[in-house]
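Work the whole structure out from these sequences, hints included.
Residues per chain are reported as follows:
Protein chains: 2
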Amino acid sequence: MNQPRLATKQDMPRVLELINELAIYEKEPDAVEVTVADLEKDGFGDDKKFTCFVIEDNNMVEGLALVYTRYSTWKGNVLHLEDLIVNEKHRGKGLGKKLLDTVVKYGKNLGVKRVSWEVLDWNEPAITFYEKNGANVMRDWDVVHLDKTGIENYLKAL
Amino acid sequence: MNQPRLATKQDMPRVLELINELAIYEKEPDAVEVTVADLEKDGFGDDKKFTCFVIEDNNMVEGLALVYTRYSTWKGNVLHLEDLIVNEKHRGKGLGKKLLDTVVKYGKNLGVKRVSWEVLDWNEPAITFYEKNGANVMRDWDVVHLDKTGIENYLKAL
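One line per chain: the protein sequences are E and R, in this order.
Under my numbering, residue 158 is the last one in the first sequence; the count climbs by one each step, no gaps.
Under my numbering, residue 158 is the last one in the second sequence; the count climbs by one each step, no gaps.
Simulated from the structure, these hints should not be mistaken for laboratory data.
Be aware that one or more of the hints could be misleading.
[Unchecked claim] With beta-carbon atoms standing in for the labels, derived distance ranges: (1) E:P13 <-> R:K97: 39 to 45 Å; (2) R:D30 <-> E:E17: 43 to 49 Å; (3) R:P13 <-> E:L110: 24 to 30 Å; (4) E:N2 <-> R:R5: 50 to 56 Å.
We put the beta carbon where it would ideally sit given N, CA and C, even for glycine.
Below you can see the structure in the form of structure tokens.
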């Protein structure tokens, strides 16, 4: 098995396929509005919004980890893992662990005091994997979203 | 009451006081490692990590909202509200709502499709306030942290 490598622009069509696969698994099949062109611009343009690592199996990209920095008012710069995805048919081979290794090393090199991410509370295989690797799944912290319609409605009510 | 305004470097000592106040409320009194110098550098240096709005009451900063952009693989650029804080003695006067108004308008101007934040599941006054304003508190999404010790232990085990 190969080691993870930095993604290139040419990987973005496959990356979007994997993003869509995860959205289906997370029961939000219609949530993905991002396009290949968006990923190319946002990952490889003048104003880079993220860093993406990919891992291959049999010369095909079968997993990815997409990260960016955030700012914690407690810890300063932190690294956020937005997506860790391994294609369903290639799970159980250690691809996810190799990707997480790469992310933690990358965070260490950046000097961050935390790597953060989010998980669905029913995704037990993911939670077991994260906890086994020393992460703290904080069940008392919930994620809040004001979506596009919410933004519009909020502003109309002002 | 004044409207929120962009924070200046000179506000950072008071901003750190409010950050510490929130950490105590959230039962993590020792979690704040950020210093005034960090906030000055990270908010006003060459490589800006956040934007901070503050609101005054009787010529004293009594509330703040600190935001930055993140990258959603579903929605592209999104705005994240890291902290929304109002000094305990100045709650119930509408300062928090004015700050949230400013954040949502700021997100709209950036063209984001989402404003996100995180909340403790026992913080009912905050949850009630957010839901009243159209936000979706997603109780099935948990926050995961690998902290500084976790990062060290993870890398030692490789």
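Hint check:
Between E:P13 and R:K97 the CB atoms are about 44 Å apart, so this pair conforms to the stated range of 39 to 45 Å. Here the CB-CB span from R:D30 to E:E17 is close to 44 Å, well matched to the stated 43 to 49 Å. Our hint of 24 to 30 Å for R:P13 and E:L110 holds, since their Cβ atoms are close to 27 Å apart. Between E:N2 and R:R5 the beta carbons are some 52 Å apart, a value that agrees with the proposed interval 50 to 56 Å.
Checked against the numbered hints listed earlier, the structure breaks none of them; every hint is satisfied.
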